[in-house]
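4 protein chains.
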Amino acid sequence: MSYYSPTYRIYVHETDVAGVVHHSNYLRFFEMGRIEYLRKLNEPYLTFQKQGIGFVPIHIDISYLKPLRQDDEYQITTEIISLKHASFVLNQQIICNEKTMVQATIKLGCVSEPEFKPRKLPENLHKKLKKELIH
Amino acid sequence: MSYYSPTYRIYVHETDVAGVVHHSNYLRFFEMGRIEYLRKLNEPYLTFQKQGIGFVPIHIDISYLKPLRQDDEYQITTEIISLKHASFVLNQQIICNEKTMVQATIKLGCVSEPEFKPRKLPENLHKKLKKELIH
Amino acid sequence: MSYYSPTYRIYVHETDVAGVVHHSNYLRFFEMGRIEYLRKLNEPYLTFQKQGIGFVPIHIDISYLKPLRQDDEYQITTEIISLKHASFVLNQQIICNEKTMVQATIKLGCVSEPEFKPRKLPENLHKKLKKELIH
Amino acid sequence: MSYYSPTYRIYVHETDVAGVVHHSNYLRFFEMGRIEYLRKLNEPYLTFQKQGIGFVPIHIDISYLKPLRQDDEYQITTEIISLKHASFVLNQQIICNEKTMVQATIKLGCVSEPEFKPRKLPENLHKKLKKELIH
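Residue numbers (our numbering), protein chains in the order written: chain A, 334 to 468; chain B, 334 to 468; chain C, 334 to 468; chain D, 334 to 468.
Treat the hints as calculated values from the structure; they're not laboratory data.
Hints may be right or wrong, so weigh each one.
Copies of the same chain look alike in the list, so a pair counts if it fits in one copy or across any two.
To be verified - 35 Å max Cα-Cα, derived DSBU-like pairs, lysine-lysine:
1) Lys-464 / Lys-450
2) Lys-463 / Lys-373
3) Lys-417 / Lys-461
4) Lys-383 / Lys-453
5) Lys-373 / Lys-417
6) Lys-440 / Lys-450
7) Lys-417 / Lys-463
8) Lys-432 / Lys-450
9) Lys-464 / Lys-453
10) Lys-461 / Lys-399
Fair warning: this is a prediction, and the values are worked out from it, not measured in the lab.
The shape of chain A in the complex, shown without the other chains:
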């Protein structure tokens, strides 16, 4: 089951000279979507960060279907598709006018910051992600 983020709007600083959103910015939007996904699971990202725990991309596979433009409104969908002890994989999409504009499969590893050493996922989060996986 996909979680839908709040709706966001594209502003000028996210576009480039080609007149569309710069392709790097979708990775920022996906991260915004993940942060809202964790908030909805009642496991806010900030709480982990304050304990020196981060979730960092290990591998991203991203397909650009259509570009967003200035003033476009969009949502980010997030769905977990696999879960291990120290990592998990999400499917994420950028949705605009009910169309998928960009889609990605993103593998995130749990790390201790600031050394970025791999570590187990926090127990509570692991439980909740497991539940999400089954839905």
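Keeping the supplied structure of chain A fixed, place chains B, C and D upon it in accordance with the hints.
Leaving out everything else, chains B, C and D in the frame of chain A:
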């Protein structure tokens, strides 16, 4: 054969609260590498853009091995691995202290801007990329 | 009278290694505030841009009082304080928890793009800004 | 006496839909210039940051004269114009083709991070800045 970009340095605005370069920025670095690659082929990107021709990512597969940090110096390598009439695929790496930090396979499509309609690669560029492919 | 923008949230990519929002980003937030201000005046920025008309900063005077951090929610206020034929001046603030975090006085010039040649403000917009000035 | 930074080039991700560098990015370039200025004084910024010492903008007054565009090469000049115990003021310019494109007066305060509490400038740095002020 891989082309090596000039050497760049990481500045504060490219880092985030986790103390390392934000993962979206590597897509910007790869694009810088591609622009320098085209310049080296004597086919500067700006010349194409002035004619309304762009090369836009269709698909990116990116692996994050180690993060860059403030003040790190890096180069971007670029190598063509496949070529069609309207698209081509590059291998790119971020190199720091002789280590690969991030690597990506990037499929670029040639488009007419600002509509982003697919079109054939300009003939001269196609010839030069073909030559690069053989090396 | 100050116009209040919608509420936005700070995300990771807007922070830097010092743990707070990078100081350059407030200029982006102010621009978001201006775009929403024009939308509220029923003179959307995008409509001007499609006609090759832009409003570009000529001079900015910005004071940083307190930094924003990850997950903070904020609004941008916008108030016109002076108006000429080809330029106008706004006071803008970043408000978080009812406190002013950053404030700026921003002089914007009307230009023809892409040459960035100064030109008169569109008549309707000039009328509406004049009305705002009096309130 | 003005310090000249290394030469940098403008890339696509620094432009926006209006076809020029987004005005927020010049604050990033000025910071790059300050970091290189400290390096030249043999007082690298990173060394301070590792001790939890930062230099943060308190007030910026910036004038936009001409926009930079894709592929433009530029340098950042930095000159100290006043010095106190816990703050200093710099004049900075963006130079392209020997022309000043953007200029700013930037007051920086010394702070303890991550609380951002004001503190005295480190003694050695204060000495060196004082010397620069006289030249």
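Now the hints, each set against the structure:
1. Lys-464 / Lys-450: Close inside one copy (26 Å), not across copies (43 Å); limit 35 Å.
2. Lys-463 / Lys-373: within (15 Å within a copy, 45 Å between copies)
3. Lys-417 / Lys-461: within (13 Å within a copy, 45 Å between copies)
4. Lys-383 / Lys-453: Intra 17 Å, inter 28 Å, cutoff 35 Å: intra and inter.
5. Lys-373 / Lys-417: within (21 Å within a copy, 44 Å between copies)
6. Lys-440 / Lys-450: Answer is both: 16 Å inside a copy and 31 Å across each meet the 35 Å cutoff.
7. Lys-417 / Lys-463: within (9 Å within a copy, 43 Å between copies)
8. Lys-432 / Lys-450: Only across copies: Lys-432 and Lys-450 sit 18 Å apart there, 38 Å inside one copy, limit 35 Å.
9. Lys-464 / Lys-453: within (17 Å within a copy, 48 Å between copies)
10. Lys-461 / Lys-399: So Lys-461 and Lys-399 pass the 35 Å test inside a copy (33 Å) and across (28 Å) alike.
In this structure, every one of the numbered hints holds.
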